[in-house]
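There are 2 protein chains.
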Amino acid sequence: MRTLQVDLGERSYPIYIGGGLLSQAGDYFARHGLSAKSPVLIVTDDNVAPLHLKQVEESLRQAGYSTVVKIVPAGEKSKSLDVFEDVMTAAIEGGLDRKSAVVALGGGVVGDLAGFVAASYMRGVPFVQMPTTILAHDSSVGGKVAVNHRLAKNMIGAFYQPEMVLYDVDTLQTLPEREVRAGLAEVVKHGLIWDEAFTSWCREHTAELLALDPEALGYALTKGCEIKAHVVSRDERENGLRAILNLGHTIGHAIEAIAGYGEYLHGEAISIGMAAAALISVNRGADRSLYEETTSILRGFGLPTIMPEQLDEDKIIGAMMHDKKFKEQQLVFILPKSIGKVEIVSDVKVEEVRRVIRELKEEGQHV
Amino acid sequence: MRTLQVDLGERSYPIYIGGGLLSQAGDYFARHGLSAKSPVLIVTDDNVAPLHLKQVEESLRQAGYSTVVKIVPAGEKSKSLDVFEDVMTAAIEGGLDRKSAVVALGGGVVGDLAGFVAASYMRGVPFVQMPTTILAHDSSVGGKVAVNHRLAKNMIGAFYQPEMVLYDVDTLQTLPEREVRAGLAEVVKHGLIWDEAFTSWCREHTAELLALDPEALGYALTKGCEIKAHVVSRDERENGLRAILNLGHTIGHAIEAIAGYGEYLHGEAISIGMAAAALISVNRGADRSLYEETTSILRGFGLPTIMPEQLDEDKIIGAMMHDKKFKEQQLVFILPKSIGKVEIVSDVKVEEVRRVIRELKEEGQHV
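Line by line, the protein sequences are chains P and Y.
Taking numbering that gives the first Met the number 0, the leading residue of the first sequence gets 0, the next gets one more, and so forth.
Taking numbering that gives the first Met the number 0, the leading residue of the second sequence gets 0, the next gets one more, and so forth.
Looking at chain P on its own, in the form it has when it is part of the complex (with noise of 0.2 Å):
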């Protein structure tokens, strides 16, 4: 087992990776003072629900807890306001209190839905995460909880911490291959962001991490968190540094909001964000090779870098003009600058987001 410090002054909190943490949630409660006086809501989805929640519940009984679930329609799609009202009845009507706990049992749209529901019921009850994806290694660290507008992604929501992180890692046994590919996307994007050692290493052991080996994922996903909550714990409401955890993000959010938030898996838009990224940076004047080595390595993991030709230039625009990081109507964007370093650039002109989507067009009629 392995534990990492995300370090926040006073919300600081442990993440707990290893296997069979989910038995042992009930101890993990008990030691972080969480009130057993007061109901714990567990929000899960309905795909990890019949997997995962007994172990849950059955732990936490037996530490003296009693439990409240909601289940919700697994998918993108559970991150909106109406769930997030649906989410504070089961809240309301199983009597939490002031001191309850709400866990989120699931993947990142969990987390995220039930970080925004333990931020602003009664406005703020602790919260904690039991990530069973490897993209919520990337959701679970930093604060970010948030639903999604019918117009833009992760609109409305808070930075709200919580107490602590429970991943067990044996629940990522059961993760479809397409999510394993879209999940492992986060953890390239952080070794391309932060560390080109750890991107070699991640090329090298591309197999390993698709067939789940234990002893690569467990290093992965606690480098991929250590990168993410070093970021993190330097600007933890997003004034500056942390916004070089969005590369990919911003073409990757118009793609999944105007294809409909669920067509594309959040790891598969910002692979094809990532590509673009870094064709920006090449029309910029980067060598070329840096779009190749970081097509190269996404491909390696299964993961798109070509944009679809179904996908409407004009929508994909659109879409990024409603974005969180359009701030002072100016397009911010992550760029590569060699794998392992970013830069966050602000004066990208909507004419460079237009001819890398023509780019990522034609690159797909090669294949």
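Please keep in mind that the hints were generated in silico from the structure rather than gathered at the bench.
No experiment lies behind these values; they were computed from the predicted model shown.
A few of these clues could be false.
Copies of the same chain look alike in the list, so a pair counts if it works inside one copy or between any two.
[Claimed, not checked] With a Cα cut of at most 35 Å, we get these calculated DSBU-like pairs of lysine-lysine:
#	residue 1	residue 2
1	36	76
2	360	336
3	348	36
4	98	76
5	98	36
6	53	340
7	336	36
8	53	336
9	340	36
10	53	360
11	360	76
12	76	340
13	314	348
14	348	360
15	53	76
16	53	98
17	98	348
18	36	314
19	98	314
Given the coordinates of chain P, work out where chain Y should sit on it, guided by the hints.
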């Protein structure tokens, strides 16, 4: 013009109280460094808009700010997730970015709604309060923002501090009499929890306050804000002391909830709640004069102190159980010890509450 500083470390902010402030809004924005490159969203209601909106918009425009306006229906019903979503839509469609300010121009409902929008839009943007009611002297201090859930009031929200509060007392001259009385209930409450001398002052100046005498009103609002700021700065997130501000609110919120939001004005409901709290104290051994004095002051302002016969006892108790103050399965009550002093009591029995509900219904039969 009086300036009051609410002392909350890096979240400290000033409250400006005086005449003619709305027409200087633009200057205050510039002075506080709010971005003129980013559109400002003004949230107001259909009562306030015809009276004060133009003034604010013009002042902001003259200082170089572009504005987006969202007018919501007046009344508690606008503190819903549905209206919250509508305001978010206006923010997105208006192109608000992370440096955009959200302005609450109106009373407590608009302040709570717009404040939760500011807290949640892109995970938090600058917030400016421009209260136009007496009641809002209370809600504009302390950073509590929220919308209602159909099962309980203020259930969904955040602690979120404004950049500044511009309290233009000229706006109070247009208030309907019933709102004036209800607003003064919170002024009286601040005296009752903290300051015997100020309570006496309120009793002696009842007529001037009800006549909206600018000098008396300016003094009372500053004093009310001061007491609240004093308490909040010692306990921002309501871990202890801050709870005393809830005098009259446990039963008051229950009355609002079961009568249907909007049937009773907030100040009317907490007036009954304060009478009930005083009577619980008397039933626990305090001198009956505590109840007599409390209700005599409130009645002086034309506020209700008896329990309306049509409000069902079981329903009041049921609604109280859903209240945030119902912590770890215990009722937490704020009870007066003497005029100007209260205590936080966690062992009030449901039976004691049932008794005062009945007693306050009987009082009604003698009036």
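Now for the hints, and whether the structure bears them out:
no.	hint	result
1	36 <-> 76	both (33 Å within a copy, 34 Å between copies)
2	360 <-> 336	within (23 Å within a copy, 75 Å between copies)
3	348 <-> 36	between (56 Å within a copy, 18 Å between copies)
4	98 <-> 76	both (29 Å within a copy, 28 Å between copies)
5	98 <-> 36	within (8 Å within a copy, 42 Å between copies)
6	53 <-> 340	neither (43 Å within a copy, 50 Å between copies)
7	336 <-> 36	between (53 Å within a copy, 29 Å between copies)
8	53 <-> 336	neither (47 Å within a copy, 49 Å between copies)
9	340 <-> 36	between (48 Å within a copy, 30 Å between copies)
10	53 <-> 360	neither (46 Å within a copy, 49 Å between copies)
11	360 <-> 76	within (27 Å within a copy, 49 Å between copies)
12	76 <-> 340	within (34 Å within a copy, 51 Å between copies)
13	314 <-> 348	within (16 Å within a copy, 60 Å between copies)
14	348 <-> 360	within (19 Å within a copy, 70 Å between copies)
15	53 <-> 76	within (24 Å within a copy, 40 Å between copies)
16	53 <-> 98	within (23 Å within a copy, 45 Å between copies)
17	98 <-> 348	between (49 Å within a copy, 21 Å between copies)
18	36 <-> 314	between (51 Å within a copy, 25 Å between copies)
19	98 <-> 314	between (45 Å within a copy, 25 Å between copies)
In this structure, the earlier hints numbered 6, 8, 10 are contradicted, and the remaining ones agree with it.
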